[in-house]
Structures are given as C-alpha cells and as structure tokens.
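Novice: Given the coordinates of chain A, assemble chain B onto it according to the supplied hints.
Top to bottom, those sequences are chains A and B. Add 44 to the 1-based position in the first sequence for my numbering, that's all there is to it. Add 298 to the 1-based position in the second sequence for my numbering, that's all there is to it.
A hint or two may mislead.
Derived pair list, reagent style DSBU-like, types lysine-lysine, alpha-carbon separation capped at 30 Å [unchecked claim]:
1) A:K465 with B:K454
2) B:K525 with B:K480
3) A:K390 with B:K457
4) A:K98 with A:K51
5) A:K388 with B:K480
6) A:K309 with B:K454
7) B:K467 with B:K490
8) B:K457 with B:K467
9) A:K434 with B:K468
10) B:K454 with A:K388
11) B:K318 with B:K335
12) A:K465 with B:K457
13) A:K390 with B:K454
14) B:K454 with A:K307
15) B:K457 with A:K458
16) B:K480 with B:K468
17) A:K388 with B:K526
18) A:K388 with B:K525
19) A:K137 with B:K454
20) B:K454 with A:K458
21) A:K388 with B:K457
No lab work stands behind these hints: they were computed from the structure.
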Amino acid sequence: MSWRNYKNIYVNGCSFTAGGGLYPGQFSNVVDEYHNQFGIKKWKSEREITYPQKIANHFNCNLVDDSQCGSGAPRLVRKTWEYIRKVGLDEAKKTIFLLQINNPINRIDFYSRRINDYIIVNVEYNDDLSFKYINVVDSHSTTESIYTSQFFSNDTKDILFYLKNFHDPLKYNDKIYNELLGLFSFFEFHGIEYFFGFDYHGGDINLNENRRVNVFGFETIEHMSNSTKSSIYNEIGKDYDRHPGYFAHQKWADGYINFIEEKMKPTLWVFGDSFSSKSDPQIDPSSYLYTEDFRMKYFNFKGYFPPSYPEIVAKEFDLNLVNLATPSFSNDNIFHSFIEVADKIKPNDLLFFGWTYVTRFNIANERNELSNVNIRRDDNNSIEGGVSMKAKNEILYNRDVHTIWVKLLNNYLKIINQCNKENLILHFYFPGSKKHFDEYEKEFFDQLSFSENMYQRIFEDTNDSFQDGHYSEKGHRDFANDIIKKIKLIWKHK
Amino acid sequence: METQINTLWIYGDSFSLTFKQHFETTNDWPQKYKNFKNGIIPKHFSEIIAEKLGMNINTYAQGGISNINIFDRFVGTFPLIQEDDIVIINWTALNRFPIATNENNFTDIIPFVGHPKQNDNVSLNTTNEIAVNRDSYSIYYCEVINYCRIINHILKNNKVIHWTWIDDKKELITLDRPDFRKIFYDYLVPFKQYETITEETKGFFVDQHYSEKGHIDLANDLLMFLKK
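Bound conformation, chain B alone:
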C-alpha cells in the first residue's frame, strides 16, 4: 500500500525562503554567508522540520512581500492543502503594502529604503506617507489578526503555526482602542529572538536574517509547538 507523504506549507517573506532559494535572488548575502560557512549551505527551519517529520515542502514565500500578499498567496493555494498537512506562516512588517505597477502587477513597498521600483503614478513621498501612517497606528494590526483568524477558521483540522521575526517595540498610537498588537502576538508562537547572521559573523557582514543556529533553534521551537 502506498503511504501518502504529507506536505509542509510555508508562507511568508525572506525569512521563510531557504538558503538555496536565496541563491536564486539577486541578493549577494547568500554567497557571502556561504563563503563564511566554508562553502556549506546551512539548512533552513522548514527543511529541518520537513526532514524530521518526513514531509514534502511547498514554499510560497517571497522576499520583501507584504502581509496582504502573504495572505493572497495563501488564498491562491489553500484549496490544495490536505488533511494532516502542516502550515507555517511568517507575518512581516505592517508598514509594507502593495501598489500596482505599470505592468499591472503588484510590487510591495518596503518603505524608507530609497525610491523602490514602483509605478510612476505613485511618488516616493506618497509611499513614505502611507508607510508612516501604517507604522504609527495600532489599528493596522487588525488586518493581520483577521488573516490569522480566517486561516485558523478555514484550516481548523490542520496544524497551523503563525510566527513573526518582527520584534515590534515601537510606540504606536493606540488611544482607547484594544491592545491590537498584543492580540496579534497572542495568535503567534511565543515571540523569541534567534541568532542572526550579523551576530554569528560578529558584524563581519550585516544581515538580519537568521543564522544556521538561528534556524536550528527556530525549527526546534516550532517542532515543540507542533507536538502540543
């Protein structure tokens, strides 16, 4: 009898791309990190978990993506998710948001990093103003809270993990509204900081993605969470 192998579905931003997948991007840090590791490409948390649980991996992550598009990628693929599959979603910075390009695609704005590739009909001032707005008010947490809620509702029979690498300690305008930030973080596996490449290389080169050890620790924590 053929045994069905279940799938680990990965959604998120660059933190959910494997080191191998990072090599397919135009970033130079993967090569630098590989050189630092004497030519060895470390394992990503998703690979460690999939190996441990004997699962296939489907990754729908993308570097620089916004939460809106992380959710959109989930919507585009969730009918394929089978019983006993596991879903791990990393949510990203709230200040990222999409605009339409001249080619009628989306580009996600990562604010304050120079004029990004974007549509000429939206100026840098505009994207900066929107980003400041999204960075200032706690109400935007409701967007991602609702994404977590509907995903959990749809996949009530699957194991679903929400997590983030964002350690959001900035002061937000909340007024007398509920503590949306806390509500969001309550949906996640307890937030923890993992070792970054900057820390591992002692600043030899600066990159906030997780190091090899960071991924091993994250994978172990998520596995513990999956066992619960």
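Looking at chain A on its own, in the form it has when it is part of the complex:
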C-alpha cells in the first residue's frame, strides 16, 4: 500500500503545456533538427514529449491532457469541470490536477454552432482597449487543427461585433477569476489534489499558496524557459518558435515531479527515546558511545544494523521518514522536539510518539544543554550544572511515586492530538503497562495505540550475551507489522 494511489493526472493549459512549436509534420522540421543535432528520437505527436506525459509516466497514471494551443483560463475552467462531471467525484479524488493558467483577456472561449464545438478566440487589445487583432481557430496546433483559419473568417466579424457590444475584457477577467476560485474551492472542499501556476497576474483574492507551483522558483514552464533561455529557438539555434523547447519540457517535468513528490508524499514523524531511534546511530568513532551505544553493541552481534520499526513502516508505505527520537530523551524532550517541527507537519503526515518513563527529567549541564536524568545516581561526584546526586535522586523519587506527573504527560497528548486532528497519530509506551492504575495512569494508557508490548528484546535474541531491554530485530519487525496492520485498518475505515 502506498500514498501513490492516484489513477489519473489531469493537465490543462495553453501551448506552453501542449507542446506548442514542437509540431512534427510538413510545416515544420523541428523534429529533424532535434534528431540531427541531439540524436533525439523522432516523435509523431508533440504530446509524446511534453512534460505532462513524462509526469504521468513517472507516477504510472493515466494522462488526461486537456491543454490546447491558444487557450486560456476560460477554457481551462470549463474543460476541468467537464472532466470532473464526466468521471464523477470518486474518480476526481483519484486524480491530480495540474493547471497552467493563461490570460482570459486574450484567450476567450466561444462555441461555434457551425462545427458544433468550442473554438479558440485570441484577442489582442491596444492600450486604449481598442482591438488590435482577433484570431479564430479550432486549434493552433498543426497536427490537431481540423479547420483552416479561413474557415472562420466570416465568424470573426460576428465575434468582433459581440465583443465590441457585449463584452468588457476586465470584467471578463474578474468573472473567470471567480470561476477559478469556485473550482479551487471545490478541490479544497473535497480534498482533491491540485496545483496551479499563472502565466499572468491572476486576481487579488488569496489562493492557497501551498498549491501554487514552485519548480526551480517558477510557477509555469513558460516562466522557466523564458528566464533560462530554453525555448525551441534557444535550443536548436535557428529562427524557430519561442515556445519551451524539448529540453525545457524534460527539465520542467523532472522539477515538477520532485515538486509533487515533496508536496504529496507524506512524512512519518517519529518522536521518542531509544526505543524509536534510528537503527544506525552514526556515532563518531572517537565518541565513547561508539562502543557503548546499544545499537553499536547489537551491530557487533548481528554484523549489520537491523531496521527499527519506523524504518520498516516508512518503507512499507513509501513515506519520507523524519526520525527525531533520541536515546534517553525525557517526555519533556519528546514533547519539545514535536513543538520544534509542529509547523512543518502536513495534514497527510503520520506521527508516532514513543513515550517513556515519567521519572526522567532535564537539568542544564555545563555545556548549556539539557541533560537527561533517568536513573538513580550512586556516585557522590555526579554533579551536573551544580545539581548534586542527592538532589537528582530526590527529584527522580518524587516523580516516581506521584502520578500527578502523568497528568502533565496526558496534557501533552491532548495538545498533540488536538492540533493535529487530520493526522494519523499513534502513541506508544515502551516501559510496559502496569496492573494497577489510578485515574491519571488510566487516562494515559487509554490513549495508547497498543496496550501490550510483548516483543522480543535484544537480551532474548542474544541469549543474554549482552543484557539489553530494547527490541531485537525480530521485536522491531513484529512491532512494525502490528503497526502496519493498524494503519491499514484505520485507512480502510477512513
């Protein structure tokens, strides 16, 4: 099972997306030029080598490419709605919508009764809003156009009359922007994945900026090819078309794929102590931990670092993994490590918390770092940051015998759950459950995702050759499998 459970990529835009200028055929030898100069395999249709196709191939999705040369935002809105209505809401939810939006002022959507289909009307205005020219086609693509431009010459006069008398370009711009807002709101309402980029200044109402394309710092392929001089003209060095070139499409596709992966691939965030920490501690050989850390000892026994449960789960579901669990962390440390990344957590991310003994607490040490006090000290010289052994032991005892400390922990869980309501959150507790609870402990144990943790420990795997209570390779694998089952169950019910 993977987050990549999308079936379709829907793309809309103008010639910048549709491969304008890269047309094969009798009117152009652009294909030959790319073949002769760069050894690029000849293409039969420009759609074969445009960025939408490469993105769809990468995600192993069906491609619905509704981009059309000469078209703009009005047609984009109409065609996108038509697609949604045609496939239905369920299928739309399995679709990623990629929208390259061009100017509605110059790109108007009309319907022709003569051909019983929509036509593209390109209008250019002078500064005083008088008409510079008007051009009517079914498509600008030499491979996709059915009718000649002469075919629409009589229509041009009628359309001009309409535009002069019943059309205002600025009001039309506002109208189309409102329609775009409606489309985006629909996507947001239904949790449909979409990304947009404007080739012009859209409107003044704030959009969800998280959805704005940002590939190499650009929001559309035209912005990139213009700034990086990668038009067809730039690439093959002759007086060819200024649309994005073959290589621009490939580069844009690669960048767009990374952008989508980054935006959509969920992250598994792991907070906790040694039980949840990375399998390979990557300890500097000069550190005493290089021999003392339990993972290094286990490595010496196994000959490799067996994967920890977060690594197994992340691999199973194809997730990014950010593991912030650190050996001997206190619950305060764990909670604060969560706060430090709270604003980076996306709604589809998963959160694991491996809570630990409430007795553990922090004091500042001589390095101005928070040091963890987790076991009773028996060395009178054990002074950290001016705090004596006796003081540390008294606080440990106070935290051990009074369950009010669990109330603080319960509140950590409450705030985490409350502020990440959309996320899948699992809470674990590795020290093991108790037979007798008071109200605070009951509240805590009730919030855990697993009540038992009878998984194999390292001392069992090593036949006591070294005493360590952390999970063994098998322990991690079994625990990970139980988590995987639980997640599948949760997702199934969602």
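Specialist: Using the frame of chain A, we list chain B on its own:
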C-alpha cells in the same frame, strides 16, 4: 439576533490576577493597598481591556505559578477558546518549577523564600540546587520559547499576546548557544517597566505588583498592540 460576546483569556501568575481576585488569597498586601487607595479597588489591566473591547474575561492565572503550569492551564482550557477570542499570557520567572506533593498535586517552587510548602521527599537543598541551575543557564529559555511557539501555532487565527514582568538582566551561562533570552523576548510585546505599588506608595509598603497606574499603562500598551 443575539450578539455573541467574545472572551478575553488570561493566563499567568499573580500579575494576571485582578485586585479583586487577590483579596481571595491569603496575602495582606491587597488590603493594605486598598486602604492606601482610600477603600477603592483599582482596575486590573484585564478588566480595562475587556471593558474597552466589550468582552468577557476568563482568568486562569495563579499567584506563584511556574511557566510549566501556566502552559498546563492553557492546555487544559484551549479547546474552549473561540474564534475572535483574545488570549493574553504572562510568563513568569524561569527558576520556578513544580514538584509533586504528598497529596499528589503540584506545588510550584518559588526558590530562595524559606522552606516552601513542599513534599517531604524533596529537601530545601534540592529545590535550591535546581533553582540555581534554572537561574544560571540560558537553555531554560527554550522551554518557554516552545510554549509560545506551540500556542501561536494552535491559535493562529486568534490574537495572542505574550508578555512578562520579569526584567531579566542577570548574567546567564550561554556558551556558544544562540541568544535564547533575546529569542524569547522577541516573542513578547516589547518589554517595559510599569509603576509598581512600592513606587506609588513611595516605599510605604513594599510590593512589586503593578499599581493602578501601572495597570492602566499596561492595558493601553496591550490595546495598542491588539490594534496592530
């Protein structure tokens, strides 16, 4: 149509308790101050702000509380905070910290004020050592920085004000770590000293809480900040 009245949520230590609420404590300074003011109970900054903005007040402040428990009180109540409510939190001295009592409650240690009421299993030496540790190292500012961060994150659609009455100028051990104290104070409304009762009474009786004028000035500053 019924108009909904929004709420001003107040969290903090004794500086966030109203004069009326101070009368409910065992402290004698509220009575002394009332006598000094010829029987008039002055308004607290929260009352001035709530009156000005037409809001209800919910106060979850407590005298002598630690930052850990200020945050805990916020956690216990924040789901009740509504859109358009305003939250004002005063953070207190970093050297205060809780220990568990024999009754399985928390008591917040205010260090160096004699043996406080605390659990017998924690000695005065221990609480003093911990307090010195908390007073000496700048790393403890990270605790309260993170409280500010998560509160702002949770209440991103509300107006939230963090402030403190602590003018922390003491020398801290920082080593090569970032200036955590500055980072914390950057989360607050710009620090300012307001008139205290000691200043108003010209030392007639000593109390570092704000005077009537102190509260009026603080309220005006916070209102200005809320308008931004």
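Novice: Indicate, hint by hint, whether the structure satisfies it.
Specialist: How the hints compare with the structure:
Restraint check: the Cα-Cα separation between K465 (chain A) and K454 (chain B) comes to about 15 Å, which is no more than 30 Å; the hinted pair holds. For the suggested pair K525 (chain B) and K480 (chain B), the alpha carbons sit about 24 Å apart, so the restraint of at most 30 Å is met. Note on K390 (chain A) and K457 (chain B): the hinted pairing holds, with a Cα-Cα distance of about 23 Å set against a maximum of 30 Å. For the hint linking K98 (chain A) to K51 (chain A), the alpha-carbon distance of about 15 Å falls within 30 Å, and the restraint holds.
Only pairs whose Cα atoms come within 30 Å are accepted, and K388 (chain A) paired with K480 (chain B) is accepted, the gap being roughly 23 Å. About 25 Å separates the Cα atoms of K309 (chain A) and K454 (chain B), which keeps this hinted pair within 30 Å; it holds. Between K467 (chain B) and K490 (chain B), the direct Cα distance comes to roughly 13 Å. Compliance with the 30 Å bound is thereby established for this hinted pair. Restraint check for K457 (chain B) and K467 (chain B): satisfied, since their Cα atoms lie roughly 28 Å apart, inside the 30 Å limit.
For the hint linking K434 (chain A) to K468 (chain B), the alpha-carbon distance of about 27 Å falls within 30 Å, and the restraint holds. For the hint pairing K454 (chain B) with K388 (chain A), the CA-to-CA distance comes to about 14 Å; that is within 30 Å, so the pair holds. Our distance criterion of 30 Å between C-alpha atoms is met by K318 (chain B) and K335 (chain B), whose separation comes to about 14 Å. For the hint pairing K465 (chain A) with K457 (chain B), the CA-to-CA distance comes to about 22 Å; that is within 30 Å, so the pair holds.
Between K390 (chain A) and K454 (chain B), the direct Cα distance comes to roughly 16 Å. Compliance with the 30 Å bound is thereby established for this hinted pair. Note on K454 (chain B) and K307 (chain A): the hinted pairing holds, with a Cα-Cα distance of about 22 Å set against a maximum of 30 Å. Simply put, K457 (chain B) and K458 (chain A) have alpha-carbon atoms about 22 Å apart, close enough for the 30 Å limit, and the pair holds. Distance check on the hinted pair: K480 (chain B) and K468 (chain B) sit about 13 Å apart at the alpha-carbon level, within 30 Å; holds.
For the proposed pair K388 (chain A) and K526 (chain B), the alpha carbon gap of about 27 Å is at most 30 Å, so the pair holds. For the hint pairing K388 (chain A) with K525 (chain B), the CA-to-CA distance comes to about 29 Å; that is within 30 Å, so the pair holds. Between K137 (chain A) and K454 (chain B) the alpha-carbon distance is near 29 Å, which keeps this suggested pair within the 30 Å criterion. Note on K454 (chain B) and K458 (chain A): the hinted pairing holds, with a Cα-Cα distance of about 18 Å set against a maximum of 30 Å.
Using a Cα cut-off of 30 Å, the hinted pair K388 (chain A) and K457 (chain B) holds, with the two alpha carbons roughly 21 Å apart.
Hint violations for this structure: none, all hints satisfied.
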